[in-house]
Amino acid sequence: ITAPCPVVEDWAAIIIGIIGAFVYIGSSKLMVKLGIDDPVDAIAVHGCAGAWGLIAVAIFATDANISNSYGFETCDTGKQFGTQFVLIFTIIAWVIATCIPFFLVLKVTGVLRV
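Numbering (the numbering used here), first residue to last: 75 to 188.
Quick caveat, the hints were computed from the structure, so don't treat them as lab data. If a hint is listed, it holds; no wrong ones were tucked in.
Computed cross-link-like contacts, SDA-like style, restricted to lysine to any residue with a CA-CA straight-line distance of at most 20 Å:
| hint | residue 1 | residue 2 |
| --- | --- | --- |
| 1 | LYS103 | GLY124 |
| 2 | LYS153 | PHE134 |
| 3 | LYS153 | LEU128 |
Small disclaimer: the values here were computed from a predicted structure and weren't measured.
Build the full structure now, drawing on both the sequences and the hints.
Shown next, in the form of structure tokens:
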């Protein structure tokens, strides 16, 4: 609920949290099934559930809350979906660009455990 907290109503925050729990559980089980070593479930919590939180902005945000929080008068749901998906893909690209060199160094130095 971090991303949408200033722009959604209380009832929507509860729904977002409930759906987020199922997103986390499902993505955690998927990581295990795919054999991805993630002992602290960082991908499930921060990646998958975080992406759900970003998408939830476009679904549950209200014009009044957006106006109060950011000063915009209206929110076109279609544009908001596009904005949220661009943000998700930008975050994924940034994580890949910063993590690949880091893990390559760990692998070369023999510190990486897999």
